Amino acid sequence: MAVLVVADHTNSALGEATAKTVAAAQALSTDIDILVAGENAGAAADAAAKLEGVRKVLLAESPALGHQLAEAVTDAVVALAGGYDAILVPATSAGKNYAPRIAAKLDVNQITDVIEVVSPDTFVRPIYAGNALETVQSSDAKKVITVRPTAFKPVGEGGSAAIETVGAGAAGAHEARWVNDEVVKSDRPELAGAKIVVSGGRAMGSAEEFQRVIDPLADKLGAAVGASRAAVDAGYAPNDYQVGQTGKVVAPELYVAVGISGAIQHLAGMKDSKIIVAINKDADAPIFAVADYGLVADYKTAVPELMDALSTAGK
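So the sequence shown is residues 51 to 365, counted in the working numbering.
Hints were generated in silico from the structure; no laboratory data involved.
Values in this document were obtained by computation on a predicted structure and should not be read as measured data.
Cβ atoms here follow ideal geometry from the backbone N, Cα and C, with glycine treated the same way.
It is possible that some hints are incorrect.
Unchecked claim - Computed beta-carbon distance windows for the label pairs:
(1) K270 to G208: 27 to 37 Å
(2) K146 to E303: 21 to 31 Å
(3) A93 to G206: 17 to 27 Å
(4) D81 to V186: 16 to 26 Å
(5) A154 to T362: 23 to 33 Å
(6) D81 to I325: 37 to 47 Å
(7) N230 to Q261: 21 to 31 Å
Throw the hints in and build the complete structure from the sequences for me.
Shown next as structure tokens:
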């Protein structure tokens, strides 16, 4: 079977989620192509061509694709869908936006958030906020699948796939238009792919307190900053920081949860972390059920002590 992977990229760079989605595709077939849909995206296409196991890279460029508008990407994918048995999309914010549209246009069911490929028609996905795993078997002739990147190891480089320019379909022939991006600039690692994440919860009490406590600890550890939904809803942290079922799913080497109770919505986004450290003064907080190391203490005392210990260790 032929598989098309829709690349996650920023035109100038290829996202790591692409290499992880290719890993999932390799469990389906050896005939794997990558679609890079963008504008001036040659650099991303070059990076995609170096991934192991890729047959060829399809480069579709159009001003309408420059900002990954869901309508435009859908048109570009649907124009190519006839030649593929499966279309795999990383379950990123952008992928979750256009994958359902692709499935609807092709009149097939979408298989969502796959964490394991059992066979070409059978997949495993989490349900009930990750508290159960569901095995799904699809009889659709063409499959549209979103892949949870944190569940797969990225394929390596070393490939030399050919790059082929293709049309963008009807991209641009719709009313949706890009207006502007509001990007939070940071020198810290990107949250979804960070090896260390420090997250704060509603216990912070204010945005000022969140920044005073969480930011220095993250900087000390070289970590990305995350937040619970409660903290984001309260305005303590931007939406881009949210970890959880309705936020970003992360699986870092180390996850530090400060003042986070551990609601099921939050656990769904971080419980696959390799090591989880929880600091909470409530000994009955659900976060301790998944934590590898738990400290029952007020963060106002515990975090400064941790910072001092890290400073001493670094000397």
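For each hint, the structure was consulted:
1. K270 to G208: 27 to 37 Å: 36 Å, holds
2. K146 to E303: 21 to 31 Å: With a Cβ separation near 25 Å, K146 and E303 satisfy 21 to 31 Å, so the hint holds.
3. A93 to G206: 17 to 27 Å: Since A93 and G206 have Cβ atoms about 19 Å apart, the given range 17 to 27 Å holds.
4. D81 to V186: 16 to 26 Å: With Cβ atoms ~23 Å apart, the hint holds.
5. A154 to T362: 23 to 33 Å: 57 Å, violated
6. D81 to I325: 37 to 47 Å: 38 Å, holds
7. N230 to Q261: 21 to 31 Å: 25 Å, holds
In the structure shown, a violation is registered for the earlier hint numbered 5 alone.
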